[in-house]
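2 protein chains.
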Amino acid sequence: MIKVAVDGMGGDYAPQTIVDGAVEAALAYTDIDEIVIVGREDAIKRELKKHKVQGGQISIHHASEVIDMGDSPVKAIKKKKDSSLAVCIDLLKRKEVDAVISAGNTGAVVAGATLNLGLLPGVTRPGIAITFPTLHGISLALDVGANIDPSAHHLVQYAIMGEAYSRFLLKKKKPAVALLNIGEEESKGTEVLQDAYRMLRDSGINFIGNIEGRDFFGGKADCIVCDGFVGNVVLKMIESIIEVFVSLVSNEIKKDFLAKIGAFFCQNAFESIRRQTNYEEAGGAPLLGVDGVVIIGHGISSARAIRNAIRTGANMVENQVNNHIIEELKIREQNHHTGSANPTQKPTA
Amino acid sequence: MIKVAVDGMGGDYAPQTIVDGAVEAALAYTDIDEIVIVGREDAIKRELKKHKVQGGQISIHHASEVIDMGDSPVKAIKKKKDSSLAVCIDLLKRKEVDAVISAGNTGAVVAGATLNLGLLPGVTRPGIAITFPTLHGISLALDVGANIDPSAHHLVQYAIMGEAYSRFLLKKKKPAVALLNIGEEESKGTEVLQDAYRMLRDSGINFIGNIEGRDFFGGKADCIVCDGFVGNVVLKMIESIIEVFVSLVSNEIKKDFLAKIGAFFCQNAFESIRRQTNYEEAGGAPLLGVDGVVIIGHGISSARAIRNAIRTGANMVENQVNNHIIEELKIREQNHHTGSANPTQKPTA
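Residue numbers (my numbering), protein chains in the order written: chain A, 467 to 815; chain B, 467 to 815.
Chain A extracted, bound-state conformation (with noise of 0.2 Å):
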């Protein structure tokens, strides 16, 4: 039985992109027993009114507020204690779901998730993973924003929690971990990254070192670690990429009357690189280290993102992620010295 509830308001588009992709979820997965979208019942009715698969898996959650992407995070998830998000959180909390997706403000989910939900024992700081396509399959990356300054025992936590996540839900046997770095020597970057380098290299998991900036699309790497401000910026660059490229080509194709031509038999082409490398396909970014399973959408998400982000949630729920992240810290932190910077918060198991 897997139950996913949707921030029914997150998202620039929201309600109706959210329902439209539980929706399409619902008519995809059958292996998710039910979607709960969470939020103002009118508004929501409304949109389900424009698909014809009523009832059944969907059903509403009522949520009288609503915590918009200007509000400040800790504030809005404090005060608005009946919006979609803060129920959303709720209903995971008290185990009437199994995961939660939201599209809604990325500062208020962290910040909703960490504080109600706390963290999974050996965890003193979530992180934000995010999935892309390289030249040799699909990477992990984190953190990509919910730490801007981290330590070195939450680096070495990152790099754990994304091996466990590449290990037993993007399925690679042996994953390679990275610290992003600016240059491969053990020696380079700040302290932090020297400290967490030793760190990982001493942690028992397939630790290949130090990747620079060239290797991110070069697939050496499975789970690339890099502290939440420069993966913020890598990852804002990434979903760009595409459209820079795409316009570059396009007026470059205008010049030129003969590649006019060429580029309408390549449109194939195109399309499938754009589908590579567009966010919607990536399934939302997971918050790795929280005690529940939360999927962080982009606020620009269309129906197929949320579907997918619906997905990924329920893809960490079948292979008991969290479970495994727990295990895998408590291998790593007894037996490999990775130090805990906070020892109250050690596995109680």
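Be aware that one or more of the hints could be misleading.
[To be verified] If you want the footprint, here are the derived chain A segments under chain B, 3+ residues with CB under 8 Å:
#1 607-616
#2 678-687
#3 718-724
#4 765-771
I should point out that these hints are in silico values taken from the structure, not numbers from a laboratory. The beta carbon of each residue, even a glycine, is placed where N, CA and C say it ideally should be.
Guided by the hints, dock chain B onto chain A, whose structure is given.
What follows is chain B alone, placed relative to chain A:
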């Protein structure tokens, strides 16, 4: 009379591509009176013999030692006094040349220039700037690797230096300067960035606020200011992006017969994009803030890249960019309360 010294032994393909590039520059640029190739005389002579244009604008200045890519920058520059790089910088210091170009060990170039030339009045840390193509012309970004943990004051200096470079060398009338951050609001990012934001707002330059990774190639900002860590990651990503896209496009096109034909017609357009995004055309990266014109080339510099880097160095000399930087720093520091981390280095003029 413009005289340029080129580090003949610096770079992965030195001395060959360096000599080739120097010869290309000598043939192409009549405003450059002399190009001094510094390094092992025999090796450079051997390369020069392959060209018909001996003598004339090109001369050789012997230096017996070589700083390798793997050498520790500060140690190497202090120990290898007769290295091609140290001798180049020495020629610049003694005003026997007006500019130095090196595609060697970047850290050693930064250390050598900083230690031996000193900094311009008003500057507390040098920064490496790069130019890159956007959807609306060429933009500048700095720092991309000299200073991975800058203070707010350093960032403000980078902004002022980059603004002057954009104005007096890239000939932009009122360059828009932005901070690279994880959100547009003043409250985003680290404390250092928040402080820099406030200082820049009051500095009198055309500061347009924060921009995110997705705006990097949009051309909204003429000059993007960032710390050397994120700048370096982004720089190396940019360099690899075109290769990644070429690979993606080739893979897709191979699958599809029609696309193969299409690609044939598109090849001029593709080639034009490759040229626009190629580091070779960028003309090296000026090291701004040191007391002298120093251009850093990519380690893998081709002859064309070296030629363009020589062009950039000569442009900096002709446009008196460093004098303008001194002036700008004096005005901004005195009138706009950007503060100074090191009052002893304030303008003495």
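Can you confirm whether chain B covers the segment 718-724 of chain A, using C-beta to C-beta distances below 8 Å and requiring at least three such residues?
holds (count 5)
Taking 8 Å as the C-beta cutoff, is the stated coverage of the segment 765-771 of chain A by chain B satisfied by three or more residues?
violated (count 0)
Per-stretch coverage check for the segment 678-687 of chain A, three Cβ contacts closer than 8 Å to chain B:
That given contact holds, which follows from 7 residues of the segment 678-687 of chain A lying within Cβ reach (below 8 Å) of chain B.
Within the segment 607-616 of chain A, is the number of residues with a Cβ closer than 8 Å to a Cβ of chain B three or more?
holds (count 3)
In summary, the structure is inconsistent with hint 4 from the numbered list given earlier, while agreeing with all the others.
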